[in-house]
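Required output: the full structure, derived from the provided sequences and hints.
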Amino acid sequence: MRLHEMSISAIQHALGAGELSAREIARQTLEAIARVNPQIGAWTAVTEARMLAEAESIDTLRREKRPLPPLAGVPYAVKNLFDVAGHTTLAGAELFSQRPAAAADSFAVRQLRSAGGLLTGMVNMDAYAYGFTTENSHYGTTRNPHDLARIAGGSSGGSAAAVAAGLVHFSLGTDTNGSIRVPASLCGIYGLKPTFGRLSRSGSHQFVASLDHIGPFARRVCDLASVYDALQGRDGSDAFQAESSREQTRPLLDRGLDGLRCAVLGGYFTTWCDADARDAVARAAKALDVRDELQFPDAELARSAAFIISASEGGNQYLPALRREPERFEPHSRERLLAGAMIPSAWYIQAQRFRAHARQAFKTLFAQADVLIAPATPRSATLAGEQTMEINGQPLPIRASMGMLTQPISFLGLPVTTVPLRTAQGAPIGLQLIAAPFNEQACLRAARVLEESGIADARPAEVAA
Amino acid sequence: MTTQQPDWQAYLAQMESVLGVTLDDARRAELQVQFSRIANMAAPLMALPLDDRLEIAGVYKA
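As you go down the protein sequences, you meet chains G and R in turn. The number in the numbering used here is simply the position in the first sequence, starting from 1, with 19 added. The number in the numbering used here is simply the position in the second sequence, starting from 1, with 958 added.
No wet-lab data here; the hints were simulated from the structure. Accuracy of the hints is not assured; some may be wrong.
Facing chain R, from chain G, some residues (calculated, C-beta under 10 Å) [what the hints assert, rightly or not]:
(1) L80
(2) R82
(3) P86
(4) S331
(5) A358
(6) A419
Heads up, incomplete: computed chain G residues facing chain R, CB under 10 Å, no partners named [unchecked claim]:
(7) Q260
(8) L320
(9) L356
A quick note: this is a predicted structure, and the numbers were derived from the prediction, not measured. Beta carbons: idealized from backbone N, C-alpha and C, even for Gly.
This is the structure in structure tokens:
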């Protein structure tokens, strides 16, 4: 069996049975990355020495017949805004390229290391995490492994492309307004954006502190849940982490829909998308035994408020550098950041207060359903270099609007699993399965039902070398 | 009461000076495009009456 055809639990079994060594996994993975990465432009740095050292640690455990940690020998990649000891944290920006190397791993990378994961390296993103296309003027465009002419989505485009190409079993991304869910949708894989505050963000380069989340990508729901379970943990250094107990979701996946009520989220979410996205919602709704369509009338305002908070906090963060060295900025987002820095404070505070209002309003929907279904993107992947897409009869800027269906949900801070379907033409398109705060297990279980039904399709793309 | 459309060009010129940013005409034009997009989003949000005791949202409590 080829490495990418094995689930995380299959790797564990093979390692335990002595059928495979972690060093062999590392060697195969590094060779595949060297062969395929020039086509997709995902990795900005490969951590070969570290990966081989991590593999040696796992093989030592095997030789000594000691228990293996839950992600032992599993190759992964992280968005290049996570601190990795000994490497400069780029956040997709040339602006940071000369910064000193990180002294220590971020909290999430520490968790994955102690769980036995093998870090392959850091992957590309939209500069500053501000964009939905991963068309990065300095580090290059990350290509969609399913169609190299098309975007991978962003801002965690490298993370999604690395998994979609079958080069790693999982990756880490961040999601402020849709930066996990958009690339997961366009690249045809699963993504999890947990509840706001669930996972520690310590040691990652923030973009919008009020909205930033971290989360994993994978090609299997059980792998996604295993990684999410490993990422959990209390971190006193993250002021935004919520007080919540650890929840092990992997053992709950086989419960199916037992007790879960699913509904379609209509209105704004089924208006601002194309027929492919609506068809994907209809197929999932049938498989999840949906009878109701619910509405969130404040969705458009929620998107606007998220846009304003992002622009304002992001603009403020980069204002000193915009004054000092504007020529070093990503041209795609420089004036967008500057406009954000000039927002009147009344708009920003109104957006933050509206967030509390919208959370209360949305809460009533969970009295009627446990999981809500909505498209993750208005359409499947557009061509690299395209500036606008027509949705609902209107031309919209792709870089800012591919996340218009994800923004209202991350604004509310709700947990979402993205599930990959295919259009009639075979292009990947994803759905959001949205649950109440701290109910990640519900959206993961619904995702598992779609995976088992065969409606979801996360087969890796074969990228010719 | 009539509502006048704000003069965003003048506002941005003021902000350019207040924040100490130096722009050429091309960057100024792009700034106006970007700011106008945000301003269009802000208008309906600012028109929404919110309870005067409503505070900003924090993290969820489990």
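Checked against the structure, which of the hints given earlier come out wrong? The structure breaks hints 1, 2 and 3; every other hint is satisfied.
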